[in-house]
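Student: Sequence:
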Amino acid sequence: MTHALSHLCRHVKTLFALGMMAPVLGACQSMGAPRTSGTALAPSPDAVTVLCSATPAPSALMTATGSGDDEMAQASFLTALANDLSGHGVTARRYYADVVSGPVDMDIRIICPDGRVLANGAMKDIASRALVRIAGDLRAHDVVMTPPRTLHAGLPAQDPDEDMAGDGSTGEDGRYDPLREKPRLPASPQTGSAARTAPATPVTVTTPPSASRSGTWFAHLTSYRTAEAAAAGVQALERQYPALQGLIDEWQVNVTGTVWRLGVTTVNWQDANTLCEEIRANGPYCRVLDRVQASTPGT
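As numbered in mature numbering (1 follows the signal peptide of the UniProt record, and there is no 0), residues -26 to -1, 1 to 273 make up the sequence shown, in order.
Don't read these hints as lab results, they were simulated from the structure. Computed from a predicted model, the values in this text were never measured in an experiment. Cβ coordinates follow ideal geometry from the N, Cα and C atoms, glycine included. A hint or two may mislead.
Per label pair, the in silico range of CB-to-CB distance [stated by the list, open to error]: (1) Q219 / S18: 42 to 52 Å; (2) T180 / Q226: 23 to 33 Å; (3) D20 / E251: 25 to 35 Å.
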């Protein structure tokens, strides 16, 4: 039936001459249109608790409560939202896309006990706006969607000591993910330690109240390929952000070789997120990463 109707839609001019335009147009317009549920989506109290927690766990929301379209759409949306709130934009984008392309649309309203509004409106509209925002974030972070090309044998290899601007280029299991790697920064007129320690204009930010090296959340500012460069980077960041004096932490990870991530570790996600928002307001990169999840095998 669907195939036959598609065939008729392609020959709508002929049908117009036969006086059949109106009914066929109505059928054509209905093809592929999302089915709107008659009731508003009401996530379970457990789902709201997960989403409003300081560490939203996407895995707790991935299982649909039923096999119907409504239940599947709900599971996709809540999983996308949890990944989005946890800083896993690439994964969130996949689930948001499922919501937008799915057959169901409905209103959804999620308000946390502390007053935060996580969602309020049509589910497809929220997912569409989230996709636009995430795409903009990825472009701002220079995330590439294909692995770097191998250099011709006659060309010099890239300097392994060159500073690498980090973008959370390890996946959720802590392994290298080429889809999330930020390309290397272009060479500047200065080179070596002089470039890494060039003075920067001090920027005013708020000292995170829960800053602690034993925390879970990492406000990632930049990354380096060597311990020496990272040490110089710590000093440069402390000069650039006086409020972070003594708080810059090093997080050593394996990204096709050892990488030293620099940032501020906090106990509360909100503190790390607030710091990143203040830093991004002035232009530089900053992203909240989950240190526990990134270092736990199988998560």
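Student: May I ask you to test the hint 42 to 52 Å on the CB atoms belonging to Q219 and S18?
Tutor: Check passed, 45 Å falls within 42 to 52 Å.
Student: Using the C-beta atoms of T180 and Q226, is the stated range 23 to 33 Å upheld?
Tutor: holds (27 Å)
Student: With respect to the beta-carbon atoms only, verify the hint that D20 and E251 lie 25 to 35 Å apart.
Tutor: holds (29 Å)
When each numbered hint is compared with the structure, no violation occurs for any of them.
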